[in-house]
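A.B. asks: So you can see what is in the structure, the chains are spelled out below.
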Amino acid sequence: MIAIIKYNAGNVQSVQYALQRIGADSIVTDNVAEITSADKLIFPGVGHASPAMQYLRERKLDQLIISLKQPVLGICLGLQLMCKHSEEGNTQCLGIFDEAVKLFVPREGTESEVGKLKVPQIGWNNIYNFKSVLFDGLKEEDFVYAVHSYYAALGNETVATTDYIHPYSAALQKNNFYAVQFHPEKSGTVGETILKNFINIS
Amino acid sequence: MLTKRIIPCLDIKDGRTVKGINFESIRDAGDPVELAKLYSEQGADELVFLDITATIEKRKALVELVKRIASDINIPFTVGGGISTVEDVALLLQNGADKVSVNTAAYKNPQLIKDLSDAFGSQCVVLAIDTKKEADGQWYVYLDGGRTKTGTLTTGWAAKAVELGAGEILLTSMNNDGTRNGFAMDITAQLSNTLPVPVIASGGAGTMMHFKEVFQYANADAALAASIFHYKDIEIGSLKKYLAQQHIPVRL
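Protein chains in written order, with this note's numbering: chain B, 1 to 202; chain A, 1001 to 1252.
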């Protein structure tokens, strides 16, 4: 059984629908026993880092998440909360990954970029430099959908890269912890491949 | 590289697509989910569903529809039309909508934008503006689907809305809408070049070149159209290939 961790952040329903489309059953839960016994966990998230961390701490879900031994996939804010620190609300996060989460600084686009690079980034961007089973079966430069103002810098745990304003971590991985900055649940067939790859991790 | 988005817009009444003409490839072009799937397969980057249902009772059909769209479609979508409260939005987002667009209600009660962005994040709050260029050469905000004129300049309202937390602007030019003579370049460029958030250009698309122009010369982040896609004058896949040849970054 796949458990989607329930907390005060959005996109939970979209993740559950996406899993349904690839034929995977899931439950949405904040119950410790259900989380501990799940085969795989998804840690979703859309929203603000500071209230999200506060919510997790109040329910001691922060300690639970870092102690998990089964595969965990963080999505968007989920990835950022799995890092050490976020500039959003100057928030201490879970510290699973060493990378720092920073706010994009907008800049003018180059000629090929056509137009200003605004914040948040909203839309489809390509990912490359794959170093994880999550991306098995995909082509370098395949497109995924992202919506975010903060990003995790490149580091030792980076397993896919995206360029927006500058290169940053599209995905991170350490031991049983996986995370993507973009939304696989909204990234068409590419996203579905990534979710299937995660589900098939043994 | 971040790509420019092509967004088909589907008008919905009582849970059915209003314009959806003669698609041999799908069973029921009146079914928004069937049409949405077709556009998604053709390469649409996002979808907008605009509910034009008049009565509150029938609006309940919208929530059921949002559920069906979210469970069947694997790209992001926005829902708009008659949204006026935080509760309306919570229901749509909980059922799988990615963003909502607000228009007249936000103008009448700008606090709504702040409340929505505080509650759900600005990434899901799209401010739709219907705008018209008057004889004085200025672009004004119109309400109630274009029926009511205001004395407010579009640039001012857009800037205020972004300050309150709007994450994106969907700008429809009433002068251009339905003409197929191209997007409103001046006001689109003005907003896109001055606002810190993405601008979706809408109204006037007639040829592939119009899309190229609105991206290249008006710096739009996305372009929305309805009838040219519904009547199959332009197929989304061909449009994106054309744009790529014209050096506009698109997802192929």
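Treat the hints as calculated values from the structure; they're not laboratory data.
Do not rely on the hints blindly, as some may be mistaken.
Calculated cross-link-like contacts (lysine to aspartate or glutamate; reagent style EDC-like; alpha-carbon spacing at most 20 angstroms) [stated by the list, open to error]: (1) 131/B <-> 111/B; (2) 1060/A <-> 1014/A; (3) 1241/A <-> 141/B; (4) 1037/A <-> 98/B; (5) 1067/A <-> 192/B; (6) 1114/A <-> 1134/A; (7) 1212/A <-> 111/B; (8) 1013/A <-> 1144/A; (9) 139/B <-> 1144/A.
A.B. asks: List, from low to high, the hint numbers that the structure doesn't satisfy.
C.D. replies: 1, 4, 6, 9
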